[in-house]
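**Student:** Spelled out from the first residue to the last, the chains are:
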Amino acid sequence: MSSKVAAPGMFDAAIIKRASIDAFKKLDPRQLARNPVIFVTEIVSALVTAFFVRDLLAHNGEAFFSGQIAAWLWFTVLFANFAEAVAEGRGKAQADALRKTRSDTHAKRLIDPYGEAGMKDVLEGVSALDLRVGDVVFVEPGDLIPGDGEVIEGVASVNESAITGESAPVIREAGGDRSAVTGGTTVLSDWIKVRITAAPGSTFIDRMIALVEGAQRQKTPNELALSILLSGLTIVFLIVCVTLWPLAVYSGAYLSITVLIALLVCLIPTTIGGLLSAIGIAGMDRLIRFNVIATSGRAVEAAGDVDTLLLDKTGTITFGNRMADEFVPVGGVSERALAEAVLLASLADETPEGRSIVALATSRYGLVAPALGGEARTVPFSAHTRISGVDLPGRSLRKGAVDAVLAQAAPSVSEWSGRGTTTLSPGVDDRFHVEFDQAVERISRAGGTPLAVSENARLLGVVHLKDIIKPDIKARFAALRAMGIKTVMVTGDNPITAAAIAGEAGVDDFIAQAKPEDKLAYIRKEQQGGRLIAMCGDGTNDAPALAQADVGVAMQTGTQAAREAGNMVDLDSDPTKLIEIVRIGKQLLMTRGSLTTFSIANDAAKYFAIIPALFVAAYPQLETLNVMKLASPQSAILSAVIFNALIIIALIPLALKGVEYRPVGAAALLRRNLLIYGLGGIIVPFAGIKVIDLVVYLLHLA
Amino acid sequence: MTAIGLAQIAIILFAVIAAAMPLGAYMARVMGGERTALTPALAPVERAFYKLSGVDPTREQNWPSYTMAMLAFSLVGFLSLYGLQRLQGFLPINPQGLSGVPADLAFNTSISFVTNTNWQNYPGETTMSHLTQMLGLTVHNFVSAATGLAMAFALVRGFARNESSTVGNFWVDLTRAALYVLLPLSIVLALAFVALGVPQTLAGSAQATTLEGIDQVIALGPVASQEAIKELGTNGGGFFNANSAHPFENPNALSNALEIWALLVIPFASVFAFGRAVLDPRQGRAIAAAMAIVLIFGALFVYWAEAAGNPLLTDIGVDPSPGNMEGKEVRLGVSSTALFATATTGTSCGAVNAMHDSFTALGGLLPMFNMLMGSIAPGGVGAGLYGFLVLAVIAVFVAGLMVGRTPEYLGKKIETREMKLAMLAVLIYPLTVLGFTAASVMLQTGLASMNNAGPHGLSEVLYAFASANDDNGSAFAGLSGNTIWYNTTLGVAMFVGRFLFVIPVLAMAGSFATKKKAAASVGTFPTHGPLFVGLLLGVIIILYLLQYFPALALGPIVEHLLMAAGRTF
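Chains as they are written, first to last, in the numbering used here: chain A, 1 to 702; chain B, 1001 to 1569.
These are computed hints drawn from the structure, not numbers from a lab.
Wrong hints could be hidden among the right ones.
Unchecked claim - So, partial list: chain B residues that the calculated Cβ filter (under 8 Å) puts toward chain A: (1) A1399; (2) G1404; (3) E1415; (4) V1426; (5) L1427; (6) P1430; (7) A1438; (8) V1441; (9) K1517; (10) A1518; (11) P1526; (12) L1535; (13) A1551.
We put the CB at the ideal spot given by N, CA and C, even for glycine.
Take these sequences, add in the hints, and give me the full structure.
**Tutor:** So this is what it looks like as structure tokens:
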């Protein structure tokens, strides 16, 4: 699953260099104001710097101390900026790679694409940047497709590696679910006419560049809520520090503003404040490395909250397509007659299943696919009717889903409940029907899909389509269940088949005989019950459900409509990725929570360093609180400030990589993280400050 | 510490929990508008109230109208109580012929009683006429507690409801809380107090000749009835200045135990009622457990600190075995005084059966920290529950993220708006407590009221503002609060602590009510069970320790260390 888009390492030298420069650029207060905690730190850093200058001029002996405090406060701000810059840097490197595919593309625009002025094939050369929505362009082998659009004519193989990283070409053709093309991809063979559907600047590649660069980055809902908590804490500690001065005066201690500011910066949550945006950017970045593009950070967060996954059976739970395996005739029909009938009925079925039937009939029974004459009327397969067939003079052949064929073949056969009970119309032979039911049931039980075949409302037999379940899928569903996520399999199969496959694959629920609107209805029902739903889809008929789902992952190979409707696009078109997307979303939220806990827990140790240092002159007995036995009041304060700055740098790798998610259930996860980041957050700074104090003492810095 | 002392604490707390569980179930029915055993007797009265006041009990309010109703009711209460005090000299039922209360004191007292604080900058028996006590103070003892309960249930409904625009009807909540919960309980309790020897009379003071042959005026009045609601409503305003240390308010060990029971029972019951209202009693039990742990830890800590006595006194030959008895009633002893002090500051009651000022430094630190935490273990009637739920929301937000989901509490997602409101509510405490304390120690007028210098003086001021701000009302004593500066600033602190805190809380109720209730799964952060209890305690202790550690270090902590070094104040 490695990304083929240039994927620099976390601490690529070029990125570090760029980020170091950016860290200074980001000192601009207008930019920093977006981050209240660090903004406050910057303001007080400037203030301490002013005190340092005053101390220098006054020669009061304080300059060495206040200068060091000022320096480390600035480092705190710079380290926070650096964290953000590193996170952005990785995206920027990818964006540069993408941008190359976009520059100076030439387009061959059709002047009169629909032949209204009789100049149907006249081309004009224009820049891709001048294309407007609705323009039609002609693309030949070797050409870059100048913009996002839909193929309206022709078929071509296209290299989409610029976007997906996958070098194997894909087929793009007019009509159907493979008509969408993306600007920046290259036509390898044949030609297509493409109607442009996105204006320059808002194409898929443009959006992708903006996303990976973080240029349009808005704070996500949860990030916003967390910022409010952090701002609130900052205000609380401002109150604490401001009111401490009069309390100290009352107690006979005159505190310098410099040490009060040092205390303030140690208390406000600079660690999480400094890393918060880096965590968000890195989360998006992880997704992009995973070849999934989220159109908003909100969607990534929602992924962490998903309760129910709607998974299409085919391609996700089972390998690709079902294959015809066996023809089971009933009612005295010969196997060969059945094969012949089903071959005719399947000629108009272009689905892989239909083709596999044709293949089986021709290979095993030696039949030849006949060319249908003018008198034949074909009934093409559609997802809605789930039937295909052909009407020949005197013969009406149908093949399709059992219930659909039954409904059509014998209108009075009103119901096929899936348990083998059927309301029979008068005159239908019972014995023959039992035979049919048995065949259907046997196939279904085996996990296969039965297709009914009928001629002139008479049932001829059953086709056995086989499904092969992916070997590792059961373990993945078990992991999802441990996460608290319900998996729902969506399939067009009848309930018995669906139940058999569902049982084998280990999903929690299934929707059998699903029509596109069933998906939508199921999503609405789950949402009504307070659950968040994720699904993936590729077809145009998936679009409403993709839009309704809280996390809709559209396949890159899907139609334009599907891609517009979803809030993520999977460049690899791999539906099992939904599971990883959920994991990335959870990781993002967990990283935020863990570092917030760590940041707040740190404060305890800082108090034990600074409070005795502040008041030991007025109340020597407070030396008791100096549990770390720090060398001197000044070194205690300095050490706390240095620790506070260095911890940001130390946590950058964790912020970028994310806290590891384990599918063990919320309670176990919480216990573990509370232990590591809560308890650890209390203990680590005691040790850290002590070590720094030793160094400060040895170097005579304070 | 003795086994009997510990047994006293254990028995009282057991009796509280044993009574709070069924009472909670009853309260859930009352606040849910359901039928109860008392309905046949009280429903006609209830209906009459609605008819008289023109309230349609079936019409629910959204949070702004609920809040406006509450504020309007409190404003009318404030003005009428202020008028009553100022004019009491011209009004009947004033056997002692007391004159009107001065403006700043009347202002302070009115806010104090409307906000369920009952901070008293005056000796009750020689300042307030019987009419003021009964019509003014006692009425507010009922309605301010009922208001607290109403607001708590507005928030509870926010959690319990699914996509609802309303949070209940304030007038109905107020009426039902007072009529079905507070009134019956206080009638029973008042009779119990009378049986234990607490006076209940409308006569004026009695004249007596003491053994030395001196005439003494002994103040009397309707003490038992006020005592009952003082504790049940976590009001804490005593009939006498000495409050529950006075033998007429609290004659013996049994009455003392009953008072502790009464001031804890409704706060704990409301938490159990909350569990029932959200249809998951475990949620209520988890919160009750967290509250109980803070309470028990506090009681044991104070008991330990006080039982250890004062080493300086031991050094000069005082018998250390009874513990530090300064400011305590001999008939009540150290253990139940420790529990009383912890319970009264853990709730917003503020009644005292001993002078907290005379506790050891550490023994005084705990009641102070209890109040700095906002009196949430188990908190005032209603106020404890909504105060604790705000903290639960913050705790769930931080910790909930650690399980990899948008944090949700009781199925309600905690998002930007709720976080804003929670932080707004939480910010108010340090702002008023630390702000006014800092101002007081900088101003001559603030310093002049302090009886003691050094860290103990600072403790007195900090204690006063903590007490006023979270509407507790207990005093450290030692601070002369009846000055224009303290009357005004403490009044403002009481107002802010109650109303500016609860407006965001009610807004939060409205916001939660409109949200869809998310379904729980294995991935949902479980908010019952020991892990959550531990988490709540951790977050609360850390959050408040971080806010008040510097101030506490300069107050009781350094005082303790100085005492060990032989310096006192």
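**Student:** Each of the hints needs a verdict: does it hold here or not?
**Tutor:** Now for the hints, and whether the structure bears them out:
1. Of the supplied interface hints, the one on A1399/B holds, with its beta-carbon coming within about 6 Å of a beta-carbon of chain A, less than 8 Å.
2. Because the smallest distance between the Cβ of G1404/B and any Cβ of chain A comes to about 3 Å, under 8 Å, the interface hint for this residue holds.
3. The restraint placing E1415/B at the interface with chain A holds, with a minimum CB-CB distance near 5 Å, inside the 8 Å limit.
4. The restraint placing V1426/B at the interface with chain A holds, with a minimum CB-CB distance near 7 Å, inside the 8 Å limit.
5. Taken as an interface hint, L1427/B checks out: its beta carbon lies about 6 Å from the nearest beta carbon of chain A, inside 8 Å.
6. A least Cβ separation of about 5 Å between P1430/B and chain A falls short of the 8 Å threshold, and the interface hint therefore holds.
7. The restraint placing A1438/B at the interface with chain A holds, with a minimum CB-CB distance near 4 Å, inside the 8 Å limit.
8. The interface hint given for V1441/B holds, since its Cβ lies 4 Å from the closest Cβ of chain A, which is under the 8 Å cut-off.
9. Annotation: interface hint on K1517/B holds; nearest CB of chain A at approximately 5 Å, less than 8 Å.
10. A cut of 8 Å between beta carbons decides the hint on A1518/B: the least distance to chain A is about 4 Å, and the hint holds.
11. Taking 8 Å as the C-beta contact cut-off toward chain A, the hint placing P1526/B at the interface holds, the least distance being around 5 Å.
12. For L1535/B, the interface hint holds, the least distance from its beta-carbon to any beta-carbon of chain A being 7 Å, beneath 8 Å.
13. With a cut of 8 Å, the hint placing A1551/B at the interface with chain A holds, because the nearest CB-to-CB distance is about 6 Å.
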